[in-house]
Amino acid sequence: MTVVIVLGCVGALLLTSAAALAAAGAKAATALVYTACLAASAVIAAAALSGLVADAASSEITLPLGLPWIGAHFRADALASFFLTVTGLGGAVTSLYAVGYGSHETAPHRVLPVYPAFLAAMNLVVLADDAFTFLLCWEFMSLTSWALVMAHHREPGNARAGFIYLMMASFGTLALLLGFGLLAGPQGGYEFAAVRAARHPEAALILALALAGAGSKAGLVPLHVWLPLAHPAAPSHVSALMSGVMTKVAVYGFIRIVFDLLGAPGWWSGMVVLAFAAATALLGVLHALMQHDLKRLLAYHTVENIGIIFIGLGLALAFRADGMPGAAALALAAALIHVLNHSLFKSLLFFGAGAVLTETGERNMEHLGGLIHRMPLASLAFLVGCVAISALPPLNGFVSEWLTFQAILLSPAVPQWGLKILIPAVGAVLALSAALAAACFVKAFGVTFLGRPRSAAPAKAGEADGFSLAAMFTLAGLCVLAGILPGFVIDALAPVTRDLVAGRMPLQHVLPWLTIVPISESRSSYDGLLVFVFIGISALISATAIHRLASRAVRRAPAWDCGYPDPSALTQYTAGSFAQPIRRVFGTVAFRAREHIAMPPPGEAVAAVLRVELHDPLWETLYTPLGELVAAAADRLNAFQFLTIRRYLSIVFTLLVLLLLVLAIWL
Amino acid sequence: MAVIRDPAIQALQMAVVVLLAPALTGLVRKVKARLLRRRGAPIVQPYRDLLRLLRKEAVLAENASWLFRAAPYLIFAATWVAAALVPTFATGLLFSWSADLIVIIALLGSARFFLALAGMDVGTSFGGIGSSREVMIASLAEPAMLMIVFTLALIAGSTQLSTIAAFMGSPAVGLRVSLGLALIALVIVALAENARIPVDNPATHLELTMVHEAMVLEYSGRHLALIEFAAALKLLLYVSLIACLFLPWGLAPAGDGPAAMAIGIVSYVAKLALGGVMLAVFETTIAKMRVFRVPQFLGAALMLGLLAVLLRFVSTSL
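Sequences listed follow chains C and B, in order.
The first sequence begins at 13 in this note's numbering and counts up by one.
The second sequence begins at 40 in this note's numbering and counts up by one.
Only chain C is shown next, with the shape it has when bound in the complex:
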């Protein structure tokens, strides 16, 4: 049932796309297209969620499309239903936001026709049930998102971002193509059911290819380089969709291949995934701390959160291989809840960044400030997102990190020494990146919304429009709800963990006070609802008591600032100065950060200049040499372009003979 409804909605999205192509110039097109996308995505989310909660049997359908002797297989099982809920919800809220935000679009004809197709592609990837359909939809998703990244192609940097994205996307699809080839084996059973039934002796190679293919789309280090360039370049609602939803589709691809199709790889698979995940989490957040561009900061945070999700997945792989289904279910549930949570708060934060961008025209935090006075509602929603992503109780980001920590605490029971040494280190990295994320969002919120305006633009900004605010507060409300009632989310995930790791967490919603208990009551429990209520009551008691019994008088006066208040807003702490202590502590090692101060000689009235030098280790050690290698090879091969016809013929002839020889020896 689910699969038919979702395919119907996808068809509606594709029709919307075609209609938008015809009528993109019309004035009402923006509102109409986004409303249609909102409706279709909402239906997808509702159908998938009801299927997941009711634990409906998986539904499948084969359409006579694609390769003639295969057809296109689609199937919605529990895992797909969960991810369809995420894509549907993200698509619906983003479309609601875009009804308001899209009216500021300067080039609607570049965005409107592609946006519904992008939504359709993401849902199709999750539905696909054979390798051909999966790859086709995956590539469709890459190309539509690339077209959206290139919507404002004349802005500086965007063309480069689009080019790098296209390169990395092709690389990822190539890796997946080879991976599916290995999975299908020499018989070529491309249907997932056939792949599942077969044995896979090349598990290590397939895991590596899945990590490269899905990881490059999700933003796993070292394949993340395109992400912080491409996500901010797109219009903000598309950034939200790419960061909040498309990276989750990539996570889905990884789970589908490694947990479902590959069978049961050994414990080493968990170790490989954990190592990459920990590096991703730490490097992502450190990069984010160094950014002054609000949208790029958020994009780097996506890299960090992908790392956290993959830590959960790596733990689940290790536990499953060691025959600990309960622990594997906990780790997998933690990763999946983080998938949902991240899609909520990252979309919310990108909406906020988009609202700031439309109102001020600025993405650079060094030119912002004081927006809490000009955009009170938008800043409140953004604050909720900041608290949630910083993993602070009682909001939702904390729940998934807490569950991940609980999974880590179960790991002394694994027998392998490699895992025993690696997992505590991964736990330390996770704790470090959570603390650094909080620091980063103090910076992001504090510099952008608090303090005094650093330029003219934020001083005359206005509140965001009603649609944008409605979308932001929907997500903020969901962040709070998922934080105080996580038990329902865990229960809804039970069919997924049962299918993939043959285990489940204890039933949660029957527990008193809606507590969550990952393993047993005596071991650990957390009650977001009670913590939320306790904080509320304590704050209320103290506020009432103080206002009633002591004083409620308030006087406004100039800032004290130790007696030396400076009227210029430029003396405030900037994003760069805020990050300076952390840059000195971590950046000197990670980015070889150096500060250069050019002081004018005494007596000269020239401004002193402070320049910060940062190196991206991956660009310098991996991508730049690779690019140079390709350029050098191209230069060499260039000689072949200017040969005479006789030369060409002799080369072709020699090659033909060589190939025939190889063939003769081979057979």
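Hints may contain errors.
[Claimed, not checked] Computed list of lysine to any residue pairs in SDA-like fashion (alpha-carbon distance at most 25 Å, straight line):
no., chain 1, residue 1, chain 2, residue 2
1, C, K39, C, A58
2, B, K95, C, Y576
3, C, K432, C, D334
4, B, K95, C, R564
5, C, K472, C, L395
6, C, K472, C, Y202
7, B, K327, B, I281
8, B, K327, C, V597
9, B, K327, C, A565
10, B, K95, C, G575
11, C, K472, B, R108
12, C, K432, C, A216
13, B, K95, C, A216
14, B, K95, C, L552
15, C, K432, B, S356
16, C, K39, C, H164
17, B, K327, B, L222
18, B, K95, C, R567
19, B, K95, B, A242
20, B, K95, C, H164
21, B, K95, C, L395
22, B, K95, C, C574
23, C, K472, C, R568
24, C, K432, B, A242
25, B, K327, B, I223
26, C, K432, B, A211
27, C, K432, B, L349
Calculated directly from the structure, the hints in this document are not laboratory data.
Chain C is already provided as a structure; the job is to place chain B on it using the hints.
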């Protein structure tokens, strides 16, 4: 019986932490003053200060936002909830299952998040310097604290503070290397989290050396009172935590009668006094560090914590 007793113990605990917190701060100041051969203010002085501040009008900077006014209440509430869940005189707290040790640490993190934001709200350079240094210190102290929690959780087989405290009081604990490492790391983290010497100086008003004081520079009146109160509560929380984990003697077990409660309260006050005196002695014998030596100091705590966890992974008896 339990229906009345358990909420009563929980309520008593909430009252005890609030009532004793300023006294602990006063004791530390008094002992420090005596060690420096000063008379020092009486131990009850922090209570007087708080009452005086509460009665005064709050002076707000002209561009202070709603966040600046709401933050003190949130900070106080989060710290109070965290402090109410650490066993002080009895282990069987009614709501101990609603938040384990990781949640308690994270609640303090929430309080710090809002305090750091409030420091940036007015848009002065002192607030910014305080916030940026605070989050730098926290970015190392928090993971170190979590490593300590991991060590304890792996030894006791639980992250529930009540269970850990009960386990630490039982003979099953024994002498362990990892516990020793965790204790050293916990003391370092407690010093940093409470802005004590050698990380920060709670008595200073010299601008460039201060972290906590710089963040709250713009606060006055009842808002300042709440923030000072929250700081005192946090100090009490850390002393209680060290006491209930490493000196669990005298702690009344769940379901005991009034006699055990009385012993529990007396021994708790004694432990607090001991902790306060030791802190004062430590602070008078050591100099404050430069701010960029702090990462090495806290990095040591992080490494000790990680080492303790690794030892637990390697062998269950270490």
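Consistency of the hints with the structure:
A C-alpha spacing of about 30 Å is found between K39 of chain C and A58 of chain C, which places the hinted pair above 25 Å, so the restraint is violated. With a CA separation close to 23 Å, the supplied pair K95 of chain B and Y576 of chain C stays within the 25 Å bound. For the suggested pair K432 of chain C and D334 of chain C, the alpha carbons sit about 13 Å apart, so the restraint of at most 25 Å is met. This hinted pair checks out: K95 of chain B and R564 of chain C have alpha carbons roughly 9 Å apart, not beyond 25 Å.
Taking the CA atoms of K472 of chain C and L395 of chain C, the gap is about 21 Å. The hint holds against a cut of 25 Å. For the suggested pair K472 of chain C and Y202 of chain C, the alpha carbons sit about 58 Å apart, so the restraint of at most 25 Å is broken. Of the pairs offered as hints, the one joining K327 of chain B and I281 of chain B holds, with about 23 Å between alpha carbons and a cut-off of 25 Å not exceeded. Among the hinted pairs, K327 of chain B with V597 of chain C is consistent with the structure: their alpha-carbon atoms are about 19 Å apart, no more than 25 Å.
Proximity of K327 of chain B to A565 of chain C is assessed by CA-CA distance (about 38 Å); at most 25 Å being required, the pair is judged violated. Between K95 of chain B and G575 of chain C the alpha-carbon distance is near 20 Å, which keeps this suggested pair within the 25 Å criterion. About 24 Å separates the Cα atoms of K472 of chain C and R108 of chain B, which keeps this hinted pair within 25 Å; it holds. Under the criterion of a C-alpha separation no larger than 25 Å, the hint pairing K432 of chain C with A216 of chain C is consistent with the structure, at around 21 Å.
At roughly 69 Å between alpha-carbon atoms, K95 of chain B and A216 of chain C are farther apart than 25 Å, so this suggested pair is violated. For the proposed pair K95 of chain B and L552 of chain C, the alpha carbon gap of about 20 Å is at most 25 Å, so the pair holds. Of the supplied pair hints, the one linking K432 of chain C and S356 of chain B holds, its CA atoms being roughly 16 Å apart against a limit of 25 Å. Our distance criterion of 25 Å between C-alpha atoms is met by K39 of chain C and H164 of chain C, whose separation comes to about 20 Å.
Restraint check: the Cα-Cα separation between K327 of chain B and L222 of chain B comes to about 22 Å, which is no more than 25 Å; the hinted pair holds. At most 25 Å may separate the alpha-carbon atoms for a hinted pair to count; K95 of chain B and R567 of chain C meet this at roughly 11 Å. Among the hinted pairs, K95 of chain B with A242 of chain B is consistent with the structure: their alpha-carbon atoms are about 22 Å apart, no more than 25 Å. Restraint check for K95 of chain B and H164 of chain C: not satisfied, since their Cα atoms lie roughly 56 Å apart, outside the 25 Å limit.
Distance check on the hinted pair: K95 of chain B and L395 of chain C sit about 30 Å apart at the alpha-carbon level, beyond 25 Å; violated. Proximity of K95 of chain B to C574 of chain C is assessed by CA-CA distance (about 20 Å); at most 25 Å being required, the pair is judged to hold. Only pairs whose Cα atoms come within 25 Å are accepted, and K472 of chain C paired with R568 of chain C is accepted, the gap being roughly 22 Å. Proximity of K432 of chain C to A242 of chain B is assessed by CA-CA distance (about 45 Å); at most 25 Å being required, the pair is judged violated.
Distance restraint check for K327 of chain B and I223 of chain B: the Cα-Cα separation of roughly 19 Å lies within the 25 Å cut-off, and the hinted pair is therefore satisfied. Under the criterion of a C-alpha separation no larger than 25 Å, the hint pairing K432 of chain C with A211 of chain B is consistent with the structure, at around 24 Å. Straight-line distance between C-alpha atoms of K432 of chain C and L349 of chain B comes to about 8 Å, which keeps the hinted pair within the 25 Å bound.
Violated hints, in rising order: 1, 6, 9, 13, 20, 21, 24; the structure is consistent with all others.
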